[in-house]
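Chemist: One line per chain: the protein sequences are A, B, C, D, E and F, in this order. Residue numbering for the first sequence follows my numbering, starting at 1 and increasing by one per position. Residue numbering for the second sequence follows my numbering, starting at 1 and increasing by one per position. Residue numbering for the third sequence follows my numbering, starting at 1 and increasing by one per position. Residue numbering for the fourth sequence follows my numbering, starting at 1 and increasing by one per position. Residue numbering for the fifth sequence follows my numbering, starting at 1 and increasing by one per position. Residue numbering for the sixth sequence follows my numbering, starting at 1 and increasing by one per position.
Quick caveat, the hints were computed from the structure, so don't treat them as lab data. If you're wondering where the values come from, they're calculated on a predicted model, not measured in any experiment. Do not take every clue at face value.
Copies of the same chain look alike in the list, so a pair counts if it works inside one copy or between any two.
[Claimed, not checked] Subject to a maximum C-alpha distance of 30 Å in a straight line, what follows is the list of computed DSSO-like cross-link-like pairs (lysine-lysine):
1. Lys220 to Lys125
2. Lys125 to Lys41
3. Lys183 to Lys220
4. Lys143 to Lys41
5. Lys41 to Lys122
6. Lys216 to Lys122
There are 6 protein chains.
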Amino acid sequence: MHELGVVYRNITRADPTAASALAALGSATVHEAMGRVGLMKPYMRPIYSGAQVSGTAVTVLLQPGDNWMMHVVAEQIQPGDVVVAAVTAECTDGYFGDLLATSFQARGARALVIDAGARDVKTLKEMNFPVWSKAISAKGTIKATLGSVNIPVVCAGMIVHPGDVVVADDDGVVVVPAALAQKTLDAARAREALEGEKRAKLASGILGLDMYKMRKPLEKAGLRYVD
Amino acid sequence: MHELGVVYRNITRADPTAASALAALGSATVHEAMGRVGLMKPYMRPIYSGAQVSGTAVTVLLQPGDNWMMHVVAEQIQPGDVVVAAVTAECTDGYFGDLLATSFQARGARALVIDAGARDVKTLKEMNFPVWSKAISAKGTIKATLGSVNIPVVCAGMIVHPGDVVVADDDGVVVVPAALAQKTLDAARAREALEGEKRAKLASGILGLDMYKMRKPLEKAGLRYVD
Amino acid sequence: MHELGVVYRNITRADPTAASALAALGSATVHEAMGRVGLMKPYMRPIYSGAQVSGTAVTVLLQPGDNWMMHVVAEQIQPGDVVVAAVTAECTDGYFGDLLATSFQARGARALVIDAGARDVKTLKEMNFPVWSKAISAKGTIKATLGSVNIPVVCAGMIVHPGDVVVADDDGVVVVPAALAQKTLDAARAREALEGEKRAKLASGILGLDMYKMRKPLEKAGLRYVD
Amino acid sequence: MHELGVVYRNITRADPTAASALAALGSATVHEAMGRVGLMKPYMRPIYSGAQVSGTAVTVLLQPGDNWMMHVVAEQIQPGDVVVAAVTAECTDGYFGDLLATSFQARGARALVIDAGARDVKTLKEMNFPVWSKAISAKGTIKATLGSVNIPVVCAGMIVHPGDVVVADDDGVVVVPAALAQKTLDAARAREALEGEKRAKLASGILGLDMYKMRKPLEKAGLRYVD
Amino acid sequence: MHELGVVYRNITRADPTAASALAALGSATVHEAMGRVGLMKPYMRPIYSGAQVSGTAVTVLLQPGDNWMMHVVAEQIQPGDVVVAAVTAECTDGYFGDLLATSFQARGARALVIDAGARDVKTLKEMNFPVWSKAISAKGTIKATLGSVNIPVVCAGMIVHPGDVVVADDDGVVVVPAALAQKTLDAARAREALEGEKRAKLASGILGLDMYKMRKPLEKAGLRYVD
Amino acid sequence: MHELGVVYRNITRADPTAASALAALGSATVHEAMGRVGLMKPYMRPIYSGAQVSGTAVTVLLQPGDNWMMHVVAEQIQPGDVVVAAVTAECTDGYFGDLLATSFQARGARALVIDAGARDVKTLKEMNFPVWSKAISAKGTIKATLGSVNIPVVCAGMIVHPGDVVVADDDGVVVVPAALAQKTLDAARAREALEGEKRAKLASGILGLDMYKMRKPLEKAGLRYVD
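Okay, chain A solo, but in the shape it has when bound (with noise of 0.2 Å):
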């Protein structure tokens, strides 16, 4: 259940080294690392390719056609976070423009990801300022209704507690606990170490199946080749 009306003003972040991290690896390898959960729904599409970022979560609940709280969120941003929308019903509006995304860069946010649309594309991409959303629309909305800031928010499907890192990518945007930021950045990086040497493996055209030791359970669940 959401609370509406509120605002949070201190939360309690993610070590910023770890969060800040764990863009390098990217949301497939930080998605695996936490033992395949954490992802958002792959509804979640970036609004230009080629960002890759991860940052610490401010969350803010935002009314369907509503965008007041974004100017209200604004103020709690501080350098290395990410800003994470969720809408309390089903919209596609275009809630967040090149102003908007003035004033975040501003305050030092890396990205929004938002459970609704965006707008001035082409302008967000030439300021750099990524933004993960379902939608893209010119629809403006209106300011009028409350909604929250720093509550745990449910975007995309996954829950989102302020101070989560938020992992993204053109792959889609991964979430990962405060409390787990470092342990998985560690698991990620173990994992990555070894895909070095896999794909070096397998660009020599050695089979996965022989790589992996695929060949007997194939066998044992009953595979059967047919010349």
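Take the given structure of chain A and dock chains B, C, D, E and F to it, following the hints.
Modeler: Chains B, C, D, E and F only, in chain A's frame:
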């Protein structure tokens, strides 16, 4: 983020009297009484019309195409519960049919709310065991991977904590936090008490414009009439 | 484009006799009689099956998540009308429930067609007040912003002018321009008169291939049979 | 790839006794008996609930917005057949209504499965002629372009060969290859025979955990209980 | 309702200077300048990013899977026009490719907006002929049935009259009634003039809360801060 | 129906010269050359724009959320192949990333066409290994259940037999039966040869109405012009 492979046996259920009494109010009135929050996404539909239930949530997190944990959650059901099932990925498979329904009903469950598919629709209707789901599908599932029981889950966009109250009918599914059950019940009843009187007035031809004294605010907002 | 904040009180309704008589023909026959135009998108579905109505349109343009104008349009309803509601953005909220239905019914409305959500489905069915909508949702709305009444609207992809005839049943919703009501009724009746005879032939086992003399054109188009 | 403009008159139908007997088992049990394959996508829904049929497939490939071939396929129907209709492009038009249903029924067809729209829903229900479709739409079609009859088609994601058995009910539509009809019937019956006993145990409160001896495998997979 | 089989040759186009000047403002600003109306549904997306155009609408109503009328509308194009294409049913076929684009471009068309599919995406991008569509599909169409040219059409939920101004960019497609072109241009320019100043303030770190004097209204609405 | 747990090692591939040459024609021209059949549903989109390939299909049937068989199919790849992956249920998980792409590329595969999700989009683009998919998702998969390799599969609504030719570009994915590869190539080239001339005429301002001699048929069909 989801914790996998854990079953919490001791959960704090909402007051059973309030939890049961909310059914009679219906999802729309309860949703209003909470301040228009708590509703699952409207893609959650009853597999047959006419059922109206409420109860305390026991939650289960499932893996895609795998209903193993449905048997684990069955053991945690107490009379008056509603099982709320989330999945770690989008899936429309039929996780639940007449055998599981027989087991759930024997344990005292009142309904299932599942962010995936169900099957055996005709039999479930005959058994009078209601299900709210996002799909109906004859496709069965395997029993191979672990999820969890009685952790907070996100079901159709809404956070559900074990012990929360779930209210479901033809209009959808609303989640009431355990701590707010009685207060919400009181507010919903107060709301409903007023509705009888309003209904009588409206039925006599009195307009909402007059009954709610809207003419002045509409005029002030700039509404103009053209003959 | 939509004009906001205006209520047109004087509209020219289609001839009431024709407007009422079209119900019996049904949406499919009326749609054929118009030359296969006028149908709303098939996502518009009745909230309960079996209703079949027609009537003259009073239109209302709503804002997302705001049903204030539903009370304004209620005053413009005359017996035999069908309210057609469009929204300025995509929205699935439940704009309409049993109280508004009571008011609409008291004013003489026969149905609501709404390009958004409705709620109180069970009560509306008991009241015998049919609704065609794109969603069912317990989610309520606010009363804060102006739309308009009796302007041309686009509902589920179809332009509806105030006074047009709306024909709705289990197959969908068709819009007949007011000026074409009688002509369409005549054409639909002529069409239906022919169908009885055709039905009898087909029921006796005569093929459409022969009844419609299709064998030659099919052969000419190149159809070949392989034994 | 689809071959256009051809009607195959001689097809090998599955054994009619097995084809008819599968209806009683239902789509979910048949789907399980086949090893969880053969199910059409869950967007295929009955136009009215409660029907449960099986029969041998005669197939038809239609062009978008054109139902000419429906008349051609009518001639190829034999008693006990189910017509399976695919379209070369995505389309929701109402290809099939009461006149065609009269003809199909007169020829002995038991149902229509169509990857597009149907109409005249109320009449079809009165006629007791069930249809599974992806849409309901009053929109009619033209009769201008050729498709084919009794070629293999893809309907709702599943390959259907002429003569295969189709099993359809409220849970969906399953396709059984003609050569596997008897074997699938046997497996489905065996499966169902076991279910009665299981149901009785579960109804008495015995848990699936114990009945299926799942506690050990769950423990081995790492499931832990927290009090 | 749609009139079929008619081509209106004389339409009143919006003032060409205003129609052309609106492109520079972009769809979001124009949409705001009109009072947040006029936007097509957000499923309308450019087939390649970066294009930004405006022009006067010539409209065409197409039949499903049939692009015959695209050749008819080509003759009605005048330099500075944007072709707006609607379809009488939902369809994703590729109605438009490089040959038609060559013809449209030769006639002076600036873009196509189509509530269906387009193809030859790579070539259209090389030709610098932008298209906004709801789908991309290699599927071609036939040329067999009549639609109409320069009648009012509904495209992606918005009424478009021949001669209206269409403004399209990466954010979507806005329709400006011909009579409001100059007024909208003035309002959009005024709006944009203010934005430069605002942007500078926000970039310096001044909050929207202060710049827009929102703190009082937020407090009045009940917003509370928790430390 | 799908056969599970089998790998066919010997498949008959289409002629490699024709299979490779089809790429240059593109999916739209090839689709036309086949008589407007063979196209996968338009939800299949390239994960990055600009790639244009063709090759012989090796097919793989996957289980939901399980990419074990991707390693099995890798061994069956020969230079010039395109892997076509279908899933037994709807799934958007990321079955394929940079490691598998390295392996596929090392084996000589030209592309992957998958009726599910892919990930590592940025790396795949850098590797120049194109993928057509219905989703992009960072979500990984398990390796636990068997599917099959080189059986006929249904991918995005189209039957693909092992050895068929797949043609994919920004417009979509077309399947050419192996036996028709050369014939289709010839027809596509003939079609393209004519297009250059047509393009020149259209570019000079000649209308399709005249070039295709459509004025008479349009008049005959009843088209009328209104001044």
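Chemist: For every hint, state whether the structure bears it out.
Modeler: Cross-check of the supplied hints:
1. Neither within a single protomer nor between protomers do Lys220 and Lys125 lie at most 30 Å apart by alpha-carbon distance, with minima of 52 Å and 37 Å respectively.
2. Taking CA atoms no more than 30 Å apart as the test, Lys125 paired with Lys41 passes in both settings, with 23 Å inside one copy and 22 Å between copies.
3. Within a single copy, Lys183 and Lys220 get their C-alpha atoms only as close as 35 Å, which misses the 30 Å cut-off; across copies the closest is 25 Å, which meets it.
4. In this homomeric assembly, Lys143 and Lys41 come within 30 Å of each other (Cα to Cα) both inside a single copy, at 28 Å, and across copies, at 22 Å.
5. Taking CA atoms no more than 30 Å apart as the test, Lys41 paired with Lys122 passes in both settings, with 25 Å inside one copy and 19 Å between copies.
6. Taking CA atoms no more than 30 Å apart as the test, Lys216 paired with Lys122 passes in neither setting, with 53 Å inside one copy and 34 Å between copies.
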